[in-house]
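> Line order of the protein sequences matches chains A and B.
Take any residue in the first sequence, count from 1 to its spot, add 3: that is its number in this note's numbering.
Take any residue in the second sequence, count from 1 to its spot, add 3: that is its number in this note's numbering.
If you're looking for bench data, these hints aren't it; they were derived computationally from the structure.
Be a bit skeptical, because a hint or two may be false.
Any copy, or any two copies together, can satisfy a pair, since identical chains are not distinguished.
List of simulated lysine to any residue pairs, SDA-like, C-alpha gap at most 20 Å [said to hold, decoys possible]:
| no. | residue 1 | residue 2 |
| --- | --- | --- |
| 1 | 180 | 168 |
| 2 | 152 | 163 |
| 3 | 148 | 170 |
| 4 | 180 | 97 |
| 5 | 148 | 165 |
| 6 | 130 | 170 |
| 7 | 185 | 195 |
| 8 | 112 | 180 |
Fair warning: this is a prediction, and the values are worked out from it, not measured in the lab.
Protein chains: 2
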Amino acid sequence: MNRVITISRQYCSGGGAIAKLLSEKLSLPCYDSVLLEKIAEKSGFDHEYIREEGEYSRGILSMIFSHGGGELSNQEKLWIIQHNIICKLAAKEDCIIVGRCADYILREKADCLNAFIHADMEFRKEKLQARSPEVKKEKFTQFLKKKDKARAAYYSYFTGMTWGDARHYHVTLDAGKWGEEKCAEIIAALYGKG
Amino acid sequence: MNRVITISRQYCSGGGAIAKLLSEKLSLPCYDSVLLEKIAEKSGFDHEYIREEGEYSRGILSMIFSHGGGELSNQEKLWIIQHNIICKLAAKEDCIIVGRCADYILREKADCLNAFIHADMEFRKEKLQARSPEVKKEKFTQFLKKKDKARAAYYSYFTGMTWGDARHYHVTLDAGKWGEEKCAEIIAALYGKG
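Using the sequences and the hints given, assemble the complete structure.
Given below as structure tokens:
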């Protein structure tokens, strides 16, 4: 089995940056936006749809009522496509995969180091400002809380587990407290041990 | 403010051993069973009662119905006593405190590094066998799950938060995956950074 680092993370918590640092430190490929593009190519879904629906759920009800009884919703189709891509990537080589329930998808298919990254609101708001200048400052808290809620609902719907529960991960770190570099160092050291 | 490491942990996950290793590495006092004795001295409750009720709840209903309207239950009295002792210890010096919701109690009273330790069932069963040879092997899983449930209920009742949610802790580690020595090294390195 290949050795895969999965990085689950709160939106704007530094998880993506930590994955990139890890990729450099360990010389491993990192599948993040690259993964998004691969998915887009295979599925026919456009990038924007995947970005919005690929790991966020607007709530269980909308998923249940968005389609008829036996038919798969677009989000479920996308889940299957993502699932297959993640399995293929992990079967091919040691790598880092960010988000998309890779910790759950690969639980019996790779030798995983599952990490979860979170941060305090102040840290996340600074990142959000840089990433999405169109969002109004007074909406930052609401925006981030909505993202958390949608990501948690998505994870729960597709995995049956609780997003962010420490017991699902081999290590979780507060990137607001420690900084991205230190977090990457710790995960790299743990991966080194194997 | 003093710098305090709080170690929350699953029963038999190695949290206590990690706290002792940390205590040696960092030359800090560690309050665990010592803390229990201090509580016992002050409160008049006996050791056995504190061990069973000091961080376990048999369920919210039993707490609600165990006493009349305005009066405090014994468990609530014990909470207040533990709360005061933990605040005094943290006010006196840098230290390590294991369990008893110290992460929550000290959230505005000390400069805390909050860690959570968990482990897989196999690891915990080995510890349980060594610690409590009177428990029957076929009851191990049930015994540990009951402990988890009671600790989670206690934490939730007194703090209003979710026990084991990664977002409450600066670092969480799977001691079954990494071993106690490695976990202590990581927490010591993070404490060193400050």
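> Each hint should be assessed against the structure and marked as holding or not.
Comparing the hints with the structure gives:
1. Taking the shortest alpha-carbon separations for residue 180 and residue 168, both the intra-copy value of 19 Å and the inter-copy value of 16 Å come in at or below 20 Å.
2. In this assembly of identical chains, the alpha carbons of residue 152 and residue 163 lie at most 20 Å apart whether taken from the same copy (15 Å) or from different copies (18 Å).
3. Only between protomers do residue 148 and residue 170 lie at most 20 Å apart by alpha-carbon distance; the minimum there is 13 Å, versus 22 Å within a single protomer.
4. Taking the closest pair of Cα atoms, residue 180 and residue 97 come within 20 Å of each other only across two copies (19 Å); inside a single copy the shortest separation is 29 Å, beyond that limit.
5. Taking the closest pair of Cα atoms, residue 148 and residue 165 come within 20 Å of each other both inside a single copy (16 Å) and across two copies (17 Å).
6. Taking identical chains as interchangeable, the C-alpha atoms of residue 130 and residue 170 lie at most 20 Å apart only when they sit on different chains, with a minimum of 18 Å there against 27 Å within one chain.
7. In this assembly of identical chains, residue 185 and residue 195 lie within 20 Å of each other by CA distance both inside one copy and across copies; the values are 15 Å within and 12 Å between.
8. Taking the shortest Cα distances, residue 112 and residue 180 sit within 20 Å of each other only across copies (17 Å), while inside one copy they are farther apart (33 Å).
Taken one by one, the earlier hints all hold for this structure without exception.
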